Structure formats: C-alpha cells, structure tokens
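Chemist: These protein sequence lines map, in sequence, to chains L and V. Counting along the first sequence from 1, when you hit position 263 you're at 587 in our numbering, and nothing is skipped either side. Counting along the second sequence from 1, when you hit position 96 you're at 112 in our numbering, and nothing is skipped either side.
Read the hints as simulated data drawn from the structure, not as lab findings. Do not take every clue at face value.
[Stated by the list, open to error] Short derived list, chain L residues pointing at chain V, Cβ under 7 Å:
| no. | residue |
| --- | --- |
| 1 | L754 |
| 2 | A755 |
| 3 | P760 |
| 4 | V761 |
| 5 | N762 |
| 6 | S763 |
| 7 | T771 |
| 8 | V774 |
| 9 | N775 |
| 10 | K1050 |
| 11 | A1051 |
| 12 | L1052 |
| 13 | T1056 |
| 14 | P1138 |
| 15 | A1139 |
Note that the structure is a prediction, hence the values are computed from the model and not measured. The beta-carbon is built from N, C-alpha and C at its ideal position, and this holds for glycine as well.
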Amino acid sequence: MWSIIKSHFHKGKTGFFITGLFVVLSVMMMIIGLSICLGMGGVYYNARNLSNSPDLAVFVYEELNGPLSTRMISAINERDDIDCVDSQPMLWQEMPVNDNNYQCTFIFSEGNTMSLKRIGFLNIDDQNNKFKPYIRNQVSGEGFKIYVTGNYLITGHVGDKVMYRYNGENYWGYVAGVYDDMTKIYSEVYYYVENDFYQMVSRNSKTDESIVEEQIINVHFTYQDDAENAKAQLECGKALMNVANEYNYEQVLLYGDDAKIIGAGYNDRQTFKDATSSFILILGAAMITFSVIVAVIVALVIGFLVRSSVMDEVRNLGVFKALGYTTDMLRLSYLAIYSVISGICMIIGIILGITLMPTFVNIITDMARLECCKAIGLNVGSVFVAIALIIAVISAVVMLATSRVKRVTPLSAMRNNFETHSFKRNLVPLAKSKLPVNSTLGVKSVTSEVNRSVMVVIVVLIMSLLCSFVSVVFYNLKVDQTAIINMAATENPDYIIGLRYEDSDPYFEAIRSMDGYQADMLAEVYCGGYIGDSDDWIRGEFFERFDILRTDFVYKGRYPKHKNEIIINEKFAKQNGFEIGDSFTVSFDEFTMNAVKNEYVIVGYFQSIFENCHYMAFLDNIIDMLPAEELKTAPRMFYFDKDKVPTYDQITQVLKKVNNEENIHYGAFLTGKARLGNMILNVVETAADAVMTVFIAVTAIIISLLLVMLIKLKLLRERRNYAIYKALGYTTPNIMTQIAVAMVILGVIGSLIGGIVGALITSPMLTAMGSFIGAGHFAFIIPWGYVVGIIVCIPLLIYLVSMLCAIPVRKIAPATLLRERG
Amino acid sequence: MENKEFENIIVTEGLCKSFSVGGVQQHVLNNLDLQIADGDFTVIMGNSGSGKSTLLYALSGMDKPTLGNIVFAGEKISEYSNDRLAKFRRNNCGFIFQEVFLNDNMSVMDNVLASGYLSGLARKDVYKKACEYFDLVGIPCEMYKKFPSQMSGGELQRVGLVRAIINNPKVIFADEPTGALNSANSIAVLDLMNKFHREGKNIVMVTHDIKSAVRGNRVLYLKDGVILNEITLGEYDKDNEKQRLETLKVFLDEMGW
Ligand SMILES: Nc1ncnc2c1ncn2[C@@H]1O[C@H](COP(=O)(O)OP(=O)(O)OP(=O)(O)O)[C@@H](O)[C@H]1O
Ligand SMILES: [Mg+2]
C-alpha cells in the first residue's frame, strides 16, 4: 500500500502543491470572510468603543442643564439599559448673507469650494465630556485646530486650510484630524474645535444673536448586539421626543402665547449603519464565495488526481486485492494522503487567516475609509466552519473518486486494465478530420481524457464567469456609473453652483449666456414631512422639472407630469404598503415648507441605495414653499452641451465681469461627480480597482497553476507515447502544439460559456443578493468589449502557459525512453 | 526492384556512442565503420548488452552518435538537430519494436494514420494505403476501430508493421520484432518482412533468435561495440531455410555465441 502512496506522491507533486495552496487560500478566505459577516452583529458596538462615539445623540435647543434636558436626562436614567449618559454644550452659528455681503462665513478651501451656512462648534478640549471622541489621522499645522468626521475625507484631506471670517476678521486654521462619531458622520455641520477658538465663539455669542448655545445629550446603551442596541436607540429617541412634546404642551398651558417652546431632535446610528453595513457585508460575502469556489476547485483537482492514480495503479491495486486487502482499506489509503496534506495546509491557512485578519481589516478600513472596520475581530466559529468545509469536501471527493477501486479485481492486475470492453469510444477518428494533424491529435486528447477535460472546462468556466461578473461590476462602478447613479437617486448635472450674494440673479444670468449652456434649475430641495396625520416621516427631493434630468430614476411606472404626482422609493413604498396608483397626503415641515399639506398620486418607483430619498415631486410654487432666506443662497444645477462644459476658471472669469469683482463668493461650487463622491462612490471606486486587479491576478494564477499541474502530469504519464511520436517523426513543436491545442479548446469552451453567462447573470444575481441587503433593482450595463476581452485573453493565456509547460517535451528522447521496459 | 539511387543506403565512419553513468564513461559503440547496401535485409546479432539496440537507434537517426558520421540516403544525419532528425525520419525510417508501442488512447487505424499523415501525401491516399496494408497483413476492416488493449499480441505486431511501412520508408528498423510472440505469430511477421524486402524495402533487424536471423541476407555480429565479423547468406527462400540455419549456427559458434 505504501507503494501506491509513494507513486501517487511522485506523480502528483505539482498537484499536491496546488491542492495545498488552494486549501490554504480557501481556509484563510473563509475565516476572514465569515469573521467579517458574523462580526457585523457586534461591529458597531466595538466601533463605538474604538471611537467613543455615542449610540444616541439628542439635540436640545436650550442652554446647558436647562429644564427640558434635565427632564430628559432623568427619563433616560430611569431606563435599566443605560451604560452612560452625559450632556455637552454646542455653539450653533447661523451664517446668513448680510448687507455687506460675505460678512461671516466658514470656508474649506481645497478642491471643491464649500462654504457653510450653519455650523455646530464642539469643544475638543472639554475634559468633562464623557463622550470626548478619540482623534485619528492627527497632523500639525498653523492656526486653530478643527476636527472633521471621516466623511470629509471623501472630497477633502487632513491638513486642509480652513478660513473663519467674522466681523471683517479672517481666522485661519486647518483640519487637524478626524473623529468618528456614528451619529454625526453623515452630517456636515458638527465640528470639534480647540478650546481657544471655542471660547472666542462663545464670547461672541453673548452679543450676537446668530450664535446660540445648545446642548447634546449623548447616550450609551448596554447592548452589545447591534439589533438590540438599534431597538433601544429608536425607542429611547422616540420616548425623549414625547418628553419634549409634553414639556412644550405644559408650557403652552401655563403661559399661553408667551410660552418658550424648546426644539429637540435626535440622531441614532441607523444612517451610518445603512451606508456602511451593506458595503462591509458584500466584501465579507465575496470572500466567502471565493473561499467556496476555491474549495470546489480543490475538489475537482483532487478528484482528478485520485481518479487518474487509480487508473494508473490498477496493476498494483489488483495485486493488493489478490493479497487480501479490502476495497475500503485501499480507499482509506488515498484518504490518508489527502488528510495529511490538507491537515497541514489547514493549519497554515488558520495561522495565515488569524495573522492576516488585522492587515486585511486595515485594508478594508483604508479602502472604505471606515474606521469602524477595525472593530471586526476574528470569529472562532469561522475557523471551525472553514475546517469542516475542507474536511467535508476532501472526504467526499476522495470517496467518490475512489469508487472505481471496487471494480478492481485481482484479474485487473494481470491485464493492467479495468474489466471493461467498451469504455473507449473513438469520437474523433483521424480519417474524418479535416484539421491539421497536430490539431486533430490535440482534439483527440480532449475527448479521450474526459475527466481532465471536464475539470479544465469547469475551472475555466468558473473563473471566467467570475471575471466576467467582476468586470461588469467594475465597468459600472468605475467607467460608466450611469446604473449606480440611477440607483443612488442622485442627479448628476455638470455643476452645482451656489452664490452668497443678496441678489445672485445677474450672476446666474451670466452663466446662462455662456456658450453651450442648456438649462438650470434649483438643486437639492430636500424636504421632509409626515404622511397624512401619522408620525411616519417621509423625506425627499423636489425638482423644478423632470424633463432635463440626466439620471434615469424611474424603473417602474413613469415620471410625474402633473403637480399632484409623485415618484417614490420602492423599498419605502413596500414598507408603507403603497403601490403605484395609490395616493397619500404629506404634511410638510413648518420651518422649511411653510406647513404645506399636499395630496399626491404615486406614478412610479425609483430606488435609493443610500436611503437618502423617499420621494421626488415637482417643486410647486417656490416662493410659497421655501423661506426667502433659503432661496437667496440656494444652489442651482447647471447643464451644458457635452463637449462645451466650461471649467471652474472659465465660469469664475465670467462671474467676475458681472460686477468687476476680485473674488467670487461661492457658497458652493461642485461638479456633479464631486457630489456623488459624497455618496460613497469614491470608496466603491477604490474598491473596484483593487477587486478587479486581484480577480484578474487570481484567475491567471489559478488557471496557470492548474495547467502546470496537468501538463506536468501528462508529460509524465504519456512520455512513452510522445517518445513514439518522436520516433515516427513528430518534432518537439508538433507535440507542444498538440498539448496546447487540447488545452486551448477546453479554455475556449469554458471561457465562452463562463464569460457570456457571467455577463448576463450579473444584474439578476445582484438584484437577488440586493434584496437581502436592501439594495434594489440592478440594471448594469454589460461591457461586451470586456467580456470579449476575457473570452479571448483566457485561451491566449492558456496557450502561452501550455506552450511554456510543454517545453520539457524537448527532453523526451525516443532512444532512451523506448528502452525502458513497460 | 526499384532503381538504386545509392549503392549504400547507410554508411557510418568512426561511429562512437558512449554513455556516462554516474560520471563513468561507458563506451558502447567503438569507432564503428559500417556500410549497408541498398536492397539488403541486414540482421544484427550479439550478446545482450553488446550495443545492438544502441547501434540501431543511431543508424535510424533516433539518437545522435557521440563521435563519427552517419550518412543515410546521401544525407549526413549525424549533424542534424533533433527536430530535423524527426522530420528526416518521417519519410526515411519505419520502426518495429518488441513491445509494439501503440498509443493506447487511439484506435489502431488512428495509430497508423497518425504516422501516415506525416508523409505529406493526400490524406485519402494515405487512408487507402493503410487499408491495403491492413489487408495485406490480415487485419480485417472490423478491427480498424479497435483500441490496442482490445487486441492480441500477434495482431498488434502486425498493426505495428503497417505503421512502419505506411510512409513508404527507405529503411525499416526492427528491434526484436518477434521477441514477445509465439512461433506461429513470429513466422507470420517474419514472412511479411521478407515480403516487404522482396518488394524493395531495406530492412535492418536486431534479433536474438536464429530462426529470425536466417531471414536476412547479411548477418553482422556485434561485440564490445565493434562488428566482430559478418556472413552473407543470399536471398531467403522457404526451401533453403534448413541449410541457412546450419551455416548460421556454425558462424555463431565461431563467434562464441
Ligand atoms: N541511455 C543509456 N544510458 C546508459 N547506459 C546505456 C544507455 N543505453 C544503453 N546503455 C548501455 O549500453 C549497453 C548496450 O545497450 P543496448 O541496449 O544497445 O544492448 P543490446 O545489445 O540491445 O542488449 P539486449 O540484447 O539485451 O537488448 C548496455 O550495457 C546498456 O547498459
Ligand atoms: Mg536491445
């Protein structure tokens, strides 16, 4: 029996190496992928501890320790699931456009200009704050220090210069670091500043009504499990809003019209979770999928090696049977070999998985710019799952592949063959072939070694399917983002321009007179309201018109044509039991929409993968709906002819001429793309590059290794036949061609099927997967050029690798080999 | 008889072949000069290990000599590269081995065609020729589709014969073609070889077996890498077999066989 193991080992060296490598890969990927996916339940809890971010932040618009917040804090303390609660002052500054234009503003001055209309200042040096955030990416620079949330890094950088202009004075500072606060990360108005600066603004607040002191009550719950914590956040948040309502009601009863109403609101981690969890989950799921695919390839390779070994060793196996060994004993000897190999490799895989986990998590963190990813730790269960998967795969495959041992009889030993008479069929008779001889012989070896052929086709098919899938995703994330933009429900104009003038119209007129101008309209008119008289909140965006939109939002139904029509996020519609054709009323906010109540008919669905938008409707009668102060600085979306889009400098030049100014006071100047950047697209883009590169490399490596193994094995098993071919007059290049042709044919079949199927199933598969993670209907553009590239490149790679691997044919000397006795 | 292009189909000058095994040089062929006349059926005999196969491989261009020249049909093949030798063999050499060495993954017809298609003739003609030869050696049409593992040793050697002559080679080389056959099968194969010889084929055959050796018209005796002696027997005929056997026995006895 030892001889079988030895001979198997000798012939399978390359095979063992590859199997081992794949086992290591599979185990490693499974551990990391599962740890990520299983770790999601506690990831935000850990992230909170890594960043000292609150679970719930309640904003109370009154002075520190005022009556409402005192009442709220005692309500919070009555709960039995509170870990920690603390309140913290915040200075809230409105920066209106005043008479002298540009009197007071806050500008981040790198890249896209962003000037803030309102800003919340928090004191980073407040030592009493139990929720003082941990700062990362710290740098030093000149001027006052300001700390931003990670979201800022999508368009800006740590170290960016910052200007605060107040009462004619300019104060310069810089972005000194990043803080992670899951309740504030997607909001652009909360900035931590150093004590000196904070105290200065605080002093100004004594005399300036546009600066008010407010407070934030931060809460930590005891729940480690994310779902439980989320439930508590929502429940507690709603309860506190009731406390505020009761308080205000009491005040009205007591003081009537003189009552001082105190506003309140809350942020929980939900928005942050919505925007990050699906991304992390997809990454984890991708790794698990990859691990399983590698395990399938392991199965195919082992299956092939064992089957061909059984065929080669019929004589020896027959002798063992004659000596009295049973089938099971012989099968177990094969299992023993693979158990030892995979055992060793599993240990390596586990060690690698554990040691690489932090590195990998850091890579995700960098790619995603999500510091909370660091909170993902190793999951012990994942180690067992990985081990179980490999053990199951290997024992199943070895048992299946050795089933032929049953058919080996002592007689097989004499005839060196199985007891079969018709197992070979001549599918490609030479006499019928019109192809060149070498190609025909290549084709023959495809049909005569069915096991090998099936394995190669399946592996190539899987790999090209994945490549095709990844390239479709890549194309839609990186090259042509139309589909993603459609899904994000974000319009993508050439520019979004906001100006900070008392009367901006002449400036906008100047842009309209530029060459190539197409159209413009108000941008980002976000408004929220309650559905009917319920307390279900709906938020969405108004458009002045739908006919010039570049983004094709609607994928079911149609766009609104009349003022009472609305399109709605399908996921939101489903949650609320709405369908196309239904109608409902929205009671809008009294601050932003002058308490308008409108009845709408649903005419279509769109989707909003980042959950930033529930509805879209016409902007009806602007003056009535929007406060005048908002309108003054409201940015507009500009559309130009495709090949006549002006640059920032060209637009600035035109604007400067309007009133012969040195500087243009932009409130915002964004390209459509930069705005999408805010939608995490940059993150996805970075990931797309990495994933695409890794996939192409892995595909090339897997296919190459497989070929190395197969061709080495083939040269070993068929060296006698090749020696005869040589004696008959076949040259080394002839035989190399035969080997390469066989592999290329299999490669073409595999990559053709895999490439096309992969391209076609991408959108349906993502849609199916998306329904679990909350994304909706995918309609990715299929880049057929890429697919054809894959279908052409894989066989080409196969041809090159096969030719390289077949070079040792040169060394086959007929005179030496034919001397060896069978 | 065909027109003789060359007086000697193969000529060797100072042919040497040595192998180094573990750094030790073993000289198998020593400065061997040999002429094989066109039209001969040459038999090479000698003790086991005397270098018969080595000589056969060198003459047929399957192996390159360590030193010396081989001129085959006017071409100095000892200077050829491996691939050029392979192309040379296509139309000049046919081979028969003790173990037939057919490719187990191909039907017997395909085994023959895989060789025949290298001749450069039209494929239809090659196929026709293959059928003729199969008929000649007594392999019926039904067997064309069989795989080597489904045939007897005698049948296989006859397929080997067809493969050897399919390209109409100038010389057929045979290394103990009857070594693995019983006497009836041996006689059939040898009869065919004599038939090919009568039709103009050159044959160089290595054998241990006197009954096979008498089929040739020239017997060389190899010892220590040189041709110790040789004997010419004239054309073979069934009737003169006994007498030839006697003569050969005497010769071999002298050689110390
Ligand atoms: N490739 C090789 N490497 C090393 N030694 C070799 C090689 N080929 C042949 N020899 C040696 O050369 C000698 C002659 O071998 P060869 O096969 O020619 O003998 P032979 O006359 O054909 O013997 P037999 O009648 O047993 O077939 C032997 O001693 C053999 O060991
Ligand atoms: Mg020999």
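Chemist: Confirm or reject each hint.
Modeler: Outcome of the hint check:
| no. | hint | in the structure |
| --- | --- | --- |
| 1 | L754 | holds (4 Å) |
| 2 | A755 | holds (5 Å) |
| 3 | P760 | violated (9 Å) |
| 4 | V761 | holds (4 Å) |
| 5 | N762 | violated (10 Å) |
| 6 | S763 | violated (11 Å) |
| 7 | T771 | violated (9 Å) |
| 8 | V774 | violated (11 Å) |
| 9 | N775 | violated (13 Å) |
| 10 | K1050 | holds (6 Å) |
| 11 | A1051 | holds (5 Å) |
| 12 | L1052 | holds (5 Å) |
| 13 | T1056 | holds (6 Å) |
| 14 | P1138 | holds (5 Å) |
| 15 | A1139 | holds (4 Å) |
Comparing the model with each earlier hint shows violations of hints 3, 5, 6, 7, 8, 9; every other hint is respected.
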